[in-house]
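Chemist: Chain A is already provided as a structure; the job is to place chains B, C and D on it using the hints.
There are 4 protein chains.
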Amino acid sequence: MNALSEFINRDSFAKHLGIEILEASDGRAKGRMDIKPCHLNSAGTLHGGAIFGFADAVFSAASNSHGTLAMAINVSISYFRAVRSGTLFAEAEEISINPKLATYLIRIMDDKQNIIALFQGTVYKKQTSLEEILGTE
Amino acid sequence: MNALSEFINRDSFAKHLGIEILEASDGRAKGRMDIKPCHLNSAGTLHGGAIFGFADAVFSAASNSHGTLAMAINVSISYFRAVRSGTLFAEAEEISINPKLATYLIRIMDDKQNIIALFQGTVYKKQTSLEEILGTE
Amino acid sequence: MNALSEFINRDSFAKHLGIEILEASDGRAKGRMDIKPCHLNSAGTLHGGAIFGFADAVFSAASNSHGTLAMAINVSISYFRAVRSGTLFAEAEEISINPKLATYLIRIMDDKQNIIALFQGTVYKKQTSLEEILGTE
Amino acid sequence: MNALSEFINRDSFAKHLGIEILEASDGRAKGRMDIKPCHLNSAGTLHGGAIFGFADAVFSAASNSHGTLAMAINVSISYFRAVRSGTLFAEAEEISINPKLATYLIRIMDDKQNIIALFQGTVYKKQTSLEEILGTE
Numbered sequence: 090m091n092a093l094s095e096f097i098n099r100d101s102f103a104k105h106l107g108i109e110i111l112e113a114s115d116g117r118a119k120g121r122m123d124i125k126p127c128h129l130n131s132a133g134t135l136h137g138g139a140i141f142g143f144a145d146a147v148f149s150a151a152s153n154s155h156g157t158l159a160m161a162i163n164v165s166i167s168y169f170r171a172v173r174s175g176t177l178f179a180e181a182e183e184i185s186i187n188p189k190l191a192t193y194l195i196r197i198m199d200d201k202q203n204i205i206a207l208f209q210g211t212v213y214k215k216q217t218s219l220e221e222i223l224g225t226e
Numbered sequence: 090m091n092a093l094s095e096f097i098n099r100d101s102f103a104k105h106l107g108i109e110i111l112e113a114s115d116g117r118a119k120g121r122m123d124i125k126p127c128h129l130n131s132a133g134t135l136h137g138g139a140i141f142g143f144a145d146a147v148f149s150a151a152s153n154s155h156g157t158l159a160m161a162i163n164v165s166i167s168y169f170r171a172v173r174s175g176t177l178f179a180e181a182e183e184i185s186i187n188p189k190l191a192t193y194l195i196r197i198m199d200d201k202q203n204i205i206a207l208f209q210g211t212v213y214k215k216q217t218s219l220e221e222i223l224g225t226e
Numbered sequence: 090m091n092a093l094s095e096f097i098n099r100d101s102f103a104k105h106l107g108i109e110i111l112e113a114s115d116g117r118a119k120g121r122m123d124i125k126p127c128h129l130n131s132a133g134t135l136h137g138g139a140i141f142g143f144a145d146a147v148f149s150a151a152s153n154s155h156g157t158l159a160m161a162i163n164v165s166i167s168y169f170r171a172v173r174s175g176t177l178f179a180e181a182e183e184i185s186i187n188p189k190l191a192t193y194l195i196r197i198m199d200d201k202q203n204i205i206a207l208f209q210g211t212v213y214k215k216q217t218s219l220e221e222i223l224g225t226e
Numbered sequence: 090m091n092a093l094s095e096f097i098n099r100d101s102f103a104k105h106l107g108i109e110i111l112e113a114s115d116g117r118a119k120g121r122m123d124i125k126p127c128h129l130n131s132a133g134t135l136h137g138g139a140i141f142g143f144a145d146a147v148f149s150a151a152s153n154s155h156g157t158l159a160m161a162i163n164v165s166i167s168y169f170r171a172v173r174s175g176t177l178f179a180e181a182e183e184i185s186i187n188p189k190l191a192t193y194l195i196r197i198m199d200d201k202q203n204i205i206a207l208f209q210g211t212v213y214k215k216q217t218s219l220e221e222i223l224g225t226e
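Same order as they appear, the protein sequences are chains A, B, C and D.
Numbering of the first sequence is given in this note's numbering, commencing with residue 90 and proceeding in unit increments.
Numbering of the second sequence is given in this note's numbering, commencing with residue 90 and proceeding in unit increments.
Numbering of the third sequence is given in this note's numbering, commencing with residue 90 and proceeding in unit increments.
Numbering of the fourth sequence is given in this note's numbering, commencing with residue 90 and proceeding in unit increments.
If you are wondering where the hints come from, they were derived from the structure by calculation, not from laboratory data.
Hints may be right or wrong, so weigh each one.
Any copy will do: because identical chains look the same in the list, a pair fits if it lies in one copy or spans two.
Using 30 angstroms as the maximum straight-line C-alpha spacing, the simulated DSS-like pairs for lysine-lysine come out as follows [unchecked claim]:
{"#": "1", "residue 1": "Lys104", "residue 2": "Lys125"}
{"#": "2", "residue 1": "Lys214", "residue 2": "Lys125"}
{"#": "3", "residue 1": "Lys215", "residue 2": "Lys189"}
{"#": "4", "residue 1": "Lys104", "residue 2": "Lys201"}
{"#": "5", "residue 1": "Lys215", "residue 2": "Lys201"}
{"#": "6", "residue 1": "Lys214", "residue 2": "Lys189"}
{"#": "7", "residue 1": "Lys201", "residue 2": "Lys189"}
{"#": "8", "residue 1": "Lys125", "residue 2": "Lys189"}
{"#": "9", "residue 1": "Lys215", "residue 2": "Lys125"}
{"#": "10", "residue 1": "Lys119", "residue 2": "Lys104"}
{"#": "11", "residue 1": "Lys214", "residue 2": "Lys201"}
{"#": "12", "residue 1": "Lys201", "residue 2": "Lys125"}
{"#": "13", "residue 1": "Lys119", "residue 2": "Lys215"}
{"#": "14", "residue 1": "Lys214", "residue 2": "Lys119"}
{"#": "15", "residue 1": "Lys215", "residue 2": "Lys104"}
The shape of chain A in the complex, shown without the other chains (with noise of 0.2 angstroms):
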């Protein structure tokens, strides 16, 4: 397992929520969550901080993709449309990149197509690789 699966799999929130990373390299990355009671909020829709959580943990994969570092700054999302049960997906596209900062866009949509939601998040770009994070934790 290279460093940023190993990276990936320790995201403790991410598990905790039951997101699952389906790829990950060169500042692009794909995730999946099915909706289960845990995320769901007051109104029984699906929970605006739960799809937040899913698309950062697919931007967070997206971000640090290039082997180092990656730290949020800043994060703007849209809710579009409330959902109930079934499955999200998210696919990360890197929008811009320079030495200190990225920033990523983040589409989430529903199993049918429907978009959920759009993401969008700058990083600030640490000189830590991932194999430091994951020798010294």
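Modeler: The following block gives chains B, C and D in isolation, referenced to the frame of chain A:
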């Protein structure tokens, strides 16, 4: 227990994260969350999604405190500081409200009064009362 | 000239910045802006406000293209690259639309096809038609 | 005139919009803008881009007030109320600062103390001093 308290108690996602709403009324709300292993990311610090989820629950408590259903349409969050343990506190302030839309600012602090993140969220206000939601779920 | 074209032509702020809307229909729009001295900031590069103003005019053209008045409620913009001269191009994509709300993504490019900024905006859709606005101003 | 004042005076875009910076120091800044016809949109109300441009100039004054160059990387703005005439006021508060990044909150008010918009912006802090910028432009 009034409708707002019952509505807040039904938030399964907030429970899954161990979030506690300390108070909520008249467009304001406060909450706390003890940091647990399930909140951590791959680098061993508090996950951005956990910080967001916490702030989002406080945002929901504040924006639903007028007694009718509020649905999040947009949120921006900025992160300032990595945290590994302790307790987070968050407080929501109502910045603007009209019959259709309302905007809240949530400040997330650690237990040493450092600001960890700033969350700015807007809701669309439905006509549905919380009682209707509670009765029909 | 149809109502949308007339509506776009009445945008005094867009004229003040020298913005040109190249096309607008069915939730899409394109624009261009030649960089002039009045667009620069204290460091001699294109002002963030000028980039935003440009994108905002294209956002307005796209979101009003369905014939009823759209009012911006929230925008997030990320900046990627400093520019000093040349021409900017922007294109709006409709990400989501329902009877009350719609969200657009606007990509701002320089004349070498580099992405300069990404703008994500949400509007509240009024019932008022553009004809009514044009008639009553 | 000190470097900050001279830096602020060189903002051509702010001048083009008629923005006045009333004070700026130690991470804080205040400004005013009289609403003029060139600030209006197609519906005859203050253009979102003009509100943003005004807030952005105050954001720039606050974020450059420490004496080194600050470059905006991300901004979110929420709009609350349509305005047609009068004077706007804005005030920037420094929410967080570290050697690389800083975040500001700018509240934009009309002349009756109504909040018109809320602007949350993050800058990347360069090592370059304002004196260097002023000398080399």
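Chemist: Each hint: holds or not?
Modeler: Now for the hints, and whether the structure bears them out:
no.: 1; hint: Lys104 - Lys125; verdict: both (13 angstroms within a copy, 13 angstroms between copies)
no.: 2; hint: Lys214 - Lys125; verdict: between (33 angstroms within a copy, 26 angstroms between copies)
no.: 3; hint: Lys215 - Lys189; verdict: both (7 angstroms within a copy, 11 angstroms between copies)
no.: 4; hint: Lys104 - Lys201; verdict: both (24 angstroms within a copy, 29 angstroms between copies)
no.: 5; hint: Lys215 - Lys201; verdict: between (38 angstroms within a copy, 25 angstroms between copies)
no.: 6; hint: Lys214 - Lys189; verdict: both (5 angstroms within a copy, 11 angstroms between copies)
no.: 7; hint: Lys201 - Lys189; verdict: between (37 angstroms within a copy, 22 angstroms between copies)
no.: 8; hint: Lys125 - Lys189; verdict: between (37 angstroms within a copy, 29 angstroms between copies)
no.: 9; hint: Lys215 - Lys125; verdict: between (35 angstroms within a copy, 25 angstroms between copies)
no.: 10; hint: Lys119 - Lys104; verdict: both (15 angstroms within a copy, 27 angstroms between copies)
no.: 11; hint: Lys214 - Lys201; verdict: between (35 angstroms within a copy, 26 angstroms between copies)
no.: 12; hint: Lys201 - Lys125; verdict: within (17 angstroms within a copy, 35 angstroms between copies)
no.: 13; hint: Lys119 - Lys215; verdict: within (23 angstroms within a copy, 33 angstroms between copies)
no.: 14; hint: Lys214 - Lys119; verdict: within (21 angstroms within a copy, 32 angstroms between copies)
no.: 15; hint: Lys215 - Lys104; verdict: within (24 angstroms within a copy, 33 angstroms between copies)
Comparing the model with each numbered hint stated earlier shows that all of them hold.
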